[in-house]
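Using the hints provided, position chain C relative to the given structure of chain V.
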Amino acid sequence: MKKEVCLIVLIIIVLASATTLIYLSVLDIQKPFPNFQENLNNRAVTLKKDTIFIGVVSRYPPPVIFQGYQPLMDYLSENSDFKFELKLSSNYDETVQQLVNHKVEAAFLGSYVYVGAHDKFGVKCILKPLNENSEPFFHSVLITKSGSGIHSIDDIRRKRIALPSEQSFTTNWFLFYELKKQNIKQNELDSIFNFSHHQTVISQVLKGNFDAGVVREQIAKDYAKFGIRIIAKSYPMAGSPIVVPKDFNPKVVDAIKTALLNLDVRKPENRKKVESWDKEFSFGFVEATDSDYHHIRKLIQSRKVK
Amino acid sequence: MDKNPYKVGLVTKLMVVIGGITILLMIVISITILFQWRTLIVANQEKNASSVTKAISTSLTDAFIYGQKENTQVEDLLERYINNFMNSIEGIKYIAVYNNSRQILAHSDFTKYDQGIKEPIKVAVMESDSLITAIHNSEDYGWIIETVLPLRVASKRWGVLIIGFDAESMRTEIQKLFFLLFFITTCVIIVTLVVLYITIGRLTNSLRILVNAMDKTDIDSDTEISLPQRNDEIGFLNYRFGLLLKRLSHSKKQLVEAQKQIYNAEKLASIGRLASGVAHEINNPLNGIKNCLYAIYKEPANQQQTKEYLKLVEEGINYIETVVQKLLSFARQQEKAMVYLNINEVIQKVSRLLDFRIKNKQIQFQLDLDLKLPNIQADEQLITEVFMNILLNSIDAVNEAGSIIIKSRLLDPKQLYVSVIDNGIGINEDNLQNIFEPFYTTKGPKEGTGLGLSVSLGIVEAHRGNIEVKSIPNKETEFKVILPIKMEQ
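Which chain is which? The protein sequence lines are V and C, in order.
Going by numbering that gives the first Met the number 0, the final residue of the first sequence carries number 305, and the count climbs one at a time with no gaps.
Going by numbering that gives the first Met the number 0, the final residue of the second sequence carries number 488, and the count climbs one at a time with no gaps.
Hint data in this document are derived by calculation from the structure and do not stem from the laboratory.
Hints are not guaranteed to be accurate.
Stretches of chain C that chain V covers, calculated by requiring three or more beta carbons in the stretch to come under 8 Å of a beta carbon on chain V [stated by the list, open to error]:
{"id": "1", "stretch": "130-141"}
{"id": "2", "stretch": "293-306"}
{"id": "3", "stretch": "341-352"}
Residues of chain C clear of chain V, computed beta-carbon distances all greater than 12 Å [stated by the list, open to error]:
{"id": "4", "residue": "Gln67"}
{"id": "5", "residue": "Leu202"}
{"id": "6", "residue": "His249"}
{"id": "7", "residue": "Leu254"}
{"id": "8", "residue": "Glu313"}
{"id": "9", "residue": "Lys371"}
{"id": "10", "residue": "Glu399"}
{"id": "11", "residue": "Ser402"}
{"id": "12", "residue": "Val459"}
{"id": "13", "residue": "Ala461"}
{"id": "14", "residue": "Ile466"}
{"id": "15", "residue": "Ile471"}
{"id": "16", "residue": "Lys485"}
Glycine residues also receive a C-beta, built at the ideal position from the N, C-alpha and C atoms.
So here's chain V without its partners, still in its complex pose (with noise of 0.2 Å):
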């Protein structure tokens, strides 16, 4: 009997002692961190590099040109001797001092800024990009809501218009070629609307404060899943070209270009990559030379007419 009692004391004692080591090994979190001492030296050999910065136009918020900016820096970094960064500015002037004052070695322009900025300070257009078919030209696009009722240009009369930047290409293509096309007068429109980024534009056509906005197509396309209907297209032309200051650093111009156009966005690896870049960028380059911008200037010229 006595035996038997310490058998059970036994047994409770173990699994007492059993129940307490569960209980504090439970309660244990504790996860250390992962050792990372290895980045250090990745990053060391990153910063060797001489830093250059690259201007952008102001055509979206400046978190969204990083999103799809940034990659692209990196790209260039990673194929060249220099390490890119960007540079952003308040408004599209900026960006044409920033280039004009050597701030910036190299600027995305909208090819509406660049033509200005060509003719004013003989800024230079070395790339311009490809589109998704890899032709070197886009389209701006009228664009509405889903169920607005609006179903051609004709019934824009009387309609709240919102549209990009003054300084781009898109606004001016709508108010003095594709307006003038329908004839239309401004006059004839509720009330026009200028807004810093394209993406801006889109969003207030699809919250309904405005009737129908003017985009660039490939933004047009990304917000087609929210009721974005296309209700007029532009002509061909060419895209938005990255840009050099009169006299440019040779070596930073021939690092971007040979790192560009060396880019076969068809193999798999590079399709891959320049995925989250700006969809604008992301299928290649072509070199630009300032003819491929002529038609801007006759807008412009058609607008001083004006």
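Coordinates of chain C only, in the frame set by chain V:
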């Protein structure tokens, strides 16, 4: 027989084996659930912390971007954002933003501004390109989930966001889970053991009923054993036990029948052995009668002589009649009848029956009887046969002029014994073990059947008695028949 002759009972064994396995399984299952659940809770909290960190990082990255563009003080923006997050999101202990040189740009706790990152592991962790988490017990904040996420877009990196989320609530949740599982496991184990104990108890109780029934079983009795009807293995066992009892009863009847036949055979053999003595006893008076009748025929006119001789003839015939009566009374089949009888009278009757053979061998025969012996409850016919067999064996064993003593005594208040002691050839030690075996005999083929002692032992045992034998060959042999005074059921 002990009530529980076994050391460890079936209940204990089954409780230890089944109960032990059940307890072990429950503990293993509970521990598995506990740790699995803990892993899920921790993973869920880490996931939440990661999601919140990523959401916050988006705003803070934007703050860097806008700060860069507007040339505003980024730290001010960061502090404003951090303050908002601290106020709007529950469970955050602190938010800190470091620049790439691991200096604090903004912190929810202003006392931390003069403190850099000291731990080497954290210095390395801050160089990570993706979100990483750790859980540890911080000196300042207690248990926290610490998330580290670089504030970057592609390779552009502005700094590192570190957020400490409260992990005490998670530990409290795990603690509650532990006690819940502990309570459930304990309850299940107790309920299992109780149910097991009751179930096994019922099972063993059924077996106990069967064992009791076995103990009470008397093959001699025709009383049927009543066992509970069950539709399981125990019921089947009860049924088969009933069948076994029937077979035993049948076998017993056959055995009794066989024993009866053996008794009869042995009795006939005894009668045969008696016959020579009886013949002599009858022959003497017959010769006398013959002589008397011859004298009467010779002198029919001598009436005086005829009268005397006829009286002698009558005496002779009476004597013969007495002898024949004795023989008949021994040989007659009688029903088994338990009566109170005086054992001394039985011994005397047997002695008289064998008187001729005793005298014929000139044996010194002595009866040393305790006349105060109480009557015993026995079958007279059978007991007579026992002493007849034993005395016949002694007579056969002793030589001419040998001695036989029959002694009767009280053994104890409940038993008496009758010893038949002779100084015949005796039985050697090897044969002593076999003398009660049926058909075992050291006599010639016509001198005995070998059944006498076997039958005698059977009779004595049927009376709850025993026969003990001691023998020193050629010196003294004693057959001690021990009989109970009262037959107890």
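Quick rundown of the hints versus the structure:
Judged by the Cβ-Cβ criterion of 8 Å, the stretch 130-141 of chain C is covered by chain V as claimed, because 6 of its residues qualify and three suffice. With 0 residues carrying a beta carbon less than 8 Å from a beta carbon of chain V, the stretch 293-306 of chain C misses the three-residue requirement, and the given coverage is violated. Against chain V, the stretch 341-352 of chain C contributes 0 residues with a C-beta closer than 8 Å to a partner C-beta. That does not satisfy the three-residue criterion, and the hint is violated. With a minimum CB-CB distance of about 6 Å to chain V, glutamine 67 (chain C) fails to clear the 12 Å threshold, and the non-interface call is violated.
Its beta-carbon lying about 22 Å from the closest one in chain V, leucine 202 (chain C) satisfies the requirement of being farther than 12 Å from that chain. No beta-carbon of chain V comes within 12 Å of the beta-carbon of histidine 249 (chain C); the shortest separation is about 47 Å. Annotated as non-interface, leucine 254 (chain C) keeps its C-beta farther than 12 Å from every C-beta of chain V; the closest such distance is 47 Å. Under the 12 Å C-beta cut-off, the non-interface status given to glutamate 313 (chain C) relative to chain V holds; the minimum distance is some 86 Å.
Even its closest Cβ contact with chain V, about 52 Å, leaves lysine 371 (chain C) beyond 12 Å, as expected for a residue assigned away from the interface. For glutamate 399 (chain C), the shortest C-beta to C-beta distance to chain V comes to about 71 Å, beyond the 12 Å cut-off, and the non-interface label holds. The non-interface label for serine 402 (chain C) is consistent with chain V: the shortest C-beta to C-beta separation is roughly 62 Å, beyond 12 Å. At roughly 45 Å, the least C-beta separation between valine 459 (chain C) and chain V is larger than 12 Å, which holds for a residue marked as non-interface.
The claim that alanine 461 (chain C) is not at the interface with chain V holds, since no C-beta of that chain comes within 12 Å of its own (minimum 45 Å). At roughly 45 Å from the closest C-beta of chain V, the C-beta of isoleucine 466 (chain C) stays outside 12 Å, upholding its exclusion from the interface. The Cβ of isoleucine 471 (chain C) sits about 53 Å from the closest Cβ of chain V, beyond the 12 Å cut-off, so the non-interface label holds. Chain V leaves lysine 485 (chain C) outside its interface by the beta-carbon criterion, the shortest separation being 42 Å against a cut-off of 12 Å.
Violation of the numbered hints given earlier is confined to hints 2, 3 and 4; the remaining hints are satisfied by the structure.
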